[in-house]
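> This is what each chain is made of:
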Amino acid sequence: MSLMNNLSTSMISSSSSTFLAPTSFNSSRTQSVSVPLKSINIVKCVATPQEQQNAYKTKVSRNANIAKLQAGYLFPEVARRRAAHLLKYPNAQVISLGIGDTTEPIPDVITSAMAKRSHALSTLEGYSGYGAEQGEKALRAALASTFYRNLGIEDDDIFVSDGAKCDISRLQVVFGSNVTMAVQDPSYPAYVDSSVIMGQTGQFQKDVEKYGNIEYMRCTPENGFFPDLSKVARTDIIFFCSPNNPTGAAATREQLTRLVKFAKDNGSIIVYDSAYAMYMSDDNPRSIFEIPGAKEVAIETASFSKYAGFTGVRLGWTVIPKQLLFSDGFPVAKDFNRIVCTCFNGASNIAQAGGLACLSSEGLEAMQEVIGFYKENTKIIVETFNSLGFKVYGGKNAPYVWVHFPGRSSWDVFSEILEKTHIVTTPGSGFGPGGEGFIRVSAFGHRENVLEACRRFKQLYN
Amino acid sequence: MYYSQFLSRVCMPHAVLLQPKESWNSKYEFHVIIVGHCTKVPRNSNLEKLRSGYLFPEISRHESEHLQKNPDASLIRLGIGDTTQPIPDTITLAMAEQVRGLSTIQGYRGYGAEQGNMALRKAIAGKFYQDMGIKANEIFVSDGAQCDISRLQMLLGSNVTVAVQDPSFPAYIDSSVVVGQAGELEEETGKYGNIIYMNCGPENDFFPDLSTIPRTDIIFLCSPNNPTGHAASWQQLKQLVEFAEANGSIIVHDSAYAAYIRDGSPRSIFAIPGAKEVAIEISSFSKFAGFTGVRLGWTVVPEELLYSNGFPVIKDFNRIVCTCFNGASNIAQAGGLACLSTDGYHDLCKVIDYYMENAKILVDGFTSLGWKVYGGKNAPYIWVHFPGMSSWNVFAEILKKTNIVTVPGRGFGPAGEEYIRLAIAKQAASEGARISLLARSVDQLQKAKESICQAYEVEVSIFSADVRDYDAVERAIKEAGPIDV
Chain R
1 MSLMNNLSTS MISSSSSTFL APTSFNSSRT QSVSVPLKSI NIVKCVATPQ EQQNAYKTKV
61 SRNANIAKLQ AGYLFPEVAR RRAAHLLKYP NAQVISLGIG DTTEPIPDVI TSAMAKRSHA
121 LSTLEGYSGY GAEQGEKALR AALASTFYRN LGIEDDDIFV SDGAKCDISR LQVVFGSNVT
181 MAVQDPSYPA YVDSSVIMGQ TGQFQKDVEK YGNIEYMRCT PENGFFPDLS KVARTDIIFF
241 CSPNNPTGAA ATREQLTRLV KFAKDNGSII VYDSAYAMYM SDDNPRSIFE IPGAKEVAIE
301 TASFSKYAGF TGVRLGWTVI PKQLLFSDGF PVAKDFNRIV CTCFNGASNI AQAGGLACLS
361 SEGLEAMQEV IGFYKENTKI IVETFNSLGF KVYGGKNAPY VWVHFPGRSS WDVFSEILEK
421 THIVTTPGSG FGPGGEGFIR VSAFGHRENV LEACRRFKQL YN
Chain B
1 MYYSQFLSRV CMPHAVLLQP KESWNSKYEF HVIIVGHCTK VPRNSNLEKL RSGYLFPEIS
61 RHESEHLQKN PDASLIRLGI GDTTQPIPDT ITLAMAEQVR GLSTIQGYRG YGAEQGNMAL
121 RKAIAGKFYQ DMGIKANEIF VSDGAQCDIS RLQMLLGSNV TVAVQDPSFP AYIDSSVVVG
181 QAGELEEETG KYGNIIYMNC GPENDFFPDL STIPRTDIIF LCSPNNPTGH AASWQQLKQL
241 VEFAEANGSI IVHDSAYAAY IRDGSPRSIF AIPGAKEVAI EISSFSKFAG FTGVRLGWTV
301 VPEELLYSNG FPVIKDFNRI VCTCFNGASN IAQAGGLACL STDGYHDLCK VIDYYMENAK
361 ILVDGFTSLG WKVYGGKNAP YIWVHFPGMS SWNVFAEILK KTNIVTVPGR GFGPAGEEYI
421 RLAIAKQAAS EGARISLLAR SVDQLQKAKE SICQAYEVEV SIFSADVRDY DAVERAIKEA
481 GPIDV
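Protein chains in written order, with full-length UniProt numbering: chain R, 1 to 462; chain B, 1 to 485.
Honestly, I wouldn't trust all of these hints.
Label pairs and their in silico Cβ distance ranges [to be verified]: (1) A396(B) - E125(R): 28 to 36 Å; (2) Y354(B) - G293(R): 52 to 60 Å; (3) S341(B) - A233(R): 51 to 59 Å; (4) S145(R) - I105(B): 53 to 61 Å; (5) G126(B) - K59(R): 52 to 60 Å; (6) K135(B) - L451(R): 39 to 47 Å; (7) Q235(B) - K59(R): 23 to 31 Å.
Quick caveat, the hints were computed from the structure, so don't treat them as lab data. Nothing here was measured: the structure is a model prediction, and the numbers come from that model. Glycine included, each C-beta is placed from N, C-alpha and C at the ideal position.
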């Protein structure tokens, strides 16, 4: 970084000078440089770290794709604002309905299995080292029979992972930089961000708040949060999340049939994110593979995060049917397997033991209970905003409530809510330009916090 | 079931054909023509450049095939470096406690920081980077070095040039190919066109002769080395740091086996002054704590490491970690913290000693018989030279005739040809196993027999055979009876 560059970025008035002082860093390049005063009147002494002046730089170019990203990933940004708010109001009772982080303890049936596995690792008979990168056989079998019974999905079509977010990036590595992609707008930010990092996109266009080369499929109340496919250009990959994060919309059988046909006609691959499938109340498909023909056009990712409170434990899975082929006939699953073997080393064996317990009948029952708890939270939040006269979406099939604030900037509403009620939400525009004017309220929280949050909302908006 | 290259692929709607075909011995052969919908999504051309499966699943495959043909074989696995000894109680108790806490309101934890728990990051800094000026916030906890290597490759992108040791851990090359850095594979040499291979052999003390290496953006160096077992000296690492400084390169230093160092060689690249401006270090709890299945590792990216435009590498790595990853399991992290406690660390050192005892047995056994053996002193691998032979052939012979799984050196790169890597994890070697030794000179055999009998009180028989004469070897083995090691 040149000296001029540095001066222009630091706050120095034109009548001041900078003293460059040696710092306390353990650097052999420590220097003392003094600059003669330009004027006797006002001197601003700015101690500029030596490193910024003559910092050693490698000759390795920064990855231009990462440079395209506009800001930090959405949720750390929200967390940053929350932290700043706490600094300002150290005694505030901040309630987090922002990041969709589970709060309720994991049922005993599941943790006791994980404890058992942990103890077993200290014994000769129970110790296990490297596991199959694709996951333990018993778990893959249980996933197949629990979620894909009668759908023609076999055990070895399932790849166990440390979560859907990681799987999304591994899928992107499989696809490479020479594919085009479509996302819902709004959508979970990892699809777009991973696409940018992989080099599939162009630059960010500030006027429309979109990256070049991505097809954004607008999802609004007007179209029932399902894209008008007649207006969508062909892309290689289509990311689709249902029940949807952030809008909470759940696609119907009819809609998904249309989507599968669209993909079939265009020779596209759907990446179907079913992380919230168990939150479905309505009679909608829970897996894309319920749609005939989907096995030739779709991949499905899923996660234990929101079912079992495994957000910190880390466990998920991806399904790639054998029938899914690249244009040259090569099976996608084969390449995904290669990536899994090369770029990954399997999910933690303890987490997998927990996953297996989740899928026992007792475990499933226990998960349903926790899911039911969060769904009750969602109901309370929906009722609150309805009663305040807001247009409210979602909340029925997902733990997210999508509240419309027409004509307002969602970051402004986010800030206002945070400032006035000490509640953290997530601004809709963080999910894409189609999210502008909306706020996502997540329903993960202790019941008393959710009730208290609703009291505060009522106070603010009455 | 996956389709091999030899099956023809025809994309037509909705039919599967099985066509019988008469072959020369008049048995019917079935050719399966796969028909069905093909998408119009082009296969990633980078993945096409990978010639075979990843090395270690390939080894497993050979192992399974062998077991199918010989179901009664008592296999000894000295191939994949998979830990075998149970994890000390201190550590699993901590993990079980964390797990039980997850079922309580106070103890429940959801999403953790993607960079890892601060307590663990501080413990890693304190334990391994004391006095090296590495801070907790420069440490990123992960689910293992293999995953970190790929995340680093995503960070660096396809437009950087890469140098690797030859031989080396296959993930550096494979991930480089996947990301698009590697260029085309040259069939005759087995090397990728855009990768610089830094030869490491006995002639250069298993450290590259940097005066012959052209500049690349990134240099992967693993020390102690997998597969050769060589631990770079302070002098060698200093040379490397200076080389990187002069060339403006970034070293990715893989220190996964640092805990196995016995001879005072540096355990971290950051022991070398100036390294913070040119290096990233990756490491792992796998071989240190038996966490191969639990999954925990870390990467150090110093704040001082800058791209050519001055942008800090750590900022971009953080972005990758926040976008492509969601943190290591909080249970594994609780285990990691216990590993770094006084008791935990003490218990783990005992397990490492155990594996190194295994190494000594194998090293002593082979060297006293005239085999050129490398490694085994600062790493849990021994690197055995079979001059003039194809390592896959030697691998196959050893498997067939002794039921021992090793890893052919060629799997680690062209310079690995003629070598076999043995991993030292197996218990059997140290528990009074019957050792039968093959060698080239009867005198050496005598000497070896005496020294081994004295040291280990194991029964040692002597059979002689020219190792290049497989039939002679086979006869000798038949005479020897069941061989444990």
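> Does each hint fit the structure? Answer for all of them.
Each hint tested on the structure:
1. At about 32 Å, the CB distance of A396(B) to E125(R) agrees with the hint of 28 to 36 Å.
2. At about 56 Å, the CB distance of Y354(B) to G293(R) agrees with the hint of 52 to 60 Å.
3. With their beta carbons about 57 Å apart, S341(B) and A233(R) fall inside the hinted range of 51 to 59 Å.
4. Here the CB-CB span from S145(R) to I105(B) is close to 33 Å, at odds with the stated 53 to 61 Å.
5. For G126(B) and K59(R), the hinted distance range of 52 to 60 Å is not satisfied, since their beta carbons lie about 33 Å from each other.
6. In this structure the supplied range 39 to 47 Å holds for K135(B) paired with L451(R), their Cβ-Cβ distance being about 42 Å.
7. Separated by about 25 Å at the C-beta atoms, Q235(B) and K59(R) satisfy the suggested range of 23 to 31 Å.
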